[in-house]
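All chains should be built: construct the whole structure from the sequences, respecting the hints.
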Amino acid sequence: GEPAANGAQAAPAEASNKPKTLAERELEFRQRRATEAEAQAKAEKELADAAERQRACDQARNQLTALSSGQRVSRFNAAGEPQILNDAERAEETSRVQKQVEHFCN
Numbered sequence: 002g003e004p005a006a007n008g009a010q011a012a013p014a015e016a017s018n019k020p021k022t023l024a025e026r027e028l029e030f031r032q033r034r035a036t037e038a039e040a041q042a043k044a045e046k047e048l049a050d051a052a053e054r055q056r057a058c059d060q061a062r063n064q065l066t067a068l069s070s071g072q073r074v075s076r077f078n079a080a081g082e083p084q085i086l087n088d089a090e091r092a093e094e095t096s097r098v099q100k101q102v103e104h105f106c107n
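Going letter by letter, the sequence shown gives residues 2 to 107 in this note's numbering.
Everything labelled a hint here was simulated from the structure, so no lab data went into it.
Any given hint could be a false lead.
[Claimed, not checked] SDA-like mimics (lysine to any residue), calculated; alpha carbons at most 20 Å apart, straight line:
| no. | residue 1 | residue 2 |
| --- | --- | --- |
| 1 | K21 | R31 |
| 2 | K46 | N107 |
| 3 | K100 | R56 |
[Claimed, not checked] DEER-style ranges, computed between Cβ atoms:
| no. | residue 1 | residue 2 | range |
| --- | --- | --- | --- |
| 4 | G81 | A44 | 39 to 45 Å |
| 5 | N63 | R33 | 42 to 48 Å |
| 6 | E82 | L48 | 36 to 42 Å |
| 7 | R91 | Q55 | 25 to 31 Å |
| 8 | S75 | N107 | 26 to 32 Å |
| 9 | E25 | Q60 | 48 to 54 Å |
| 10 | K100 | A80 | 42 to 48 Å |
| 11 | P20 | H104 | 52 to 58 Å |
| 12 | R73 | E37 | 50 to 56 Å |
| 13 | T22 | D50 | 39 to 45 Å |
| 14 | Q84 | R34 | 54 to 60 Å |
| 15 | L48 | P83 | 34 to 40 Å |
| 16 | L48 | G81 | 36 to 42 Å |
| 17 | A80 | A40 | 49 to 55 Å |
These numbers come from a predicted model, not from an experiment.
Beta carbons are placed, not taken as given, at the ideal position from N, Cα and C, and that holds for glycine.
Here it is as structure tokens:
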């Protein structure tokens with residue numbers, strides 16, 4: 002039984018030492034390129050997402066600063082006319098914007 006066992010072990014060793022064909026090398030090259038392209042796309046998306054989060058953070062902080070400054074703040078109603086926020090609306094808007102700051106800036 003031992004010669005068969007040695008013969009079975011020798012075959013995989015020969016296969017791994019055998020030079021790769023042009024087709025095998027081409028396939029490996031294409032697979033590496035695809036993997037690199039996926040990694041590049043993922044990195045670019047993460048960068049774009051980070052930039053968008055920073056923009057949203059900056060915008061929310063600016064809104065919070067305006068709401069906290071005591072100056073009159075308005076928003077447009079359904080008719081497209083500016084409407085000054087009363088104290089309750091200002092408090093509600095401040096709370097909403099504070100949540101945005103916490104979400105985008107942390």
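Check your understanding: Which earlier hints can't be squared with this structure?
Key -> Of the numbered hints, just 10 does not hold.
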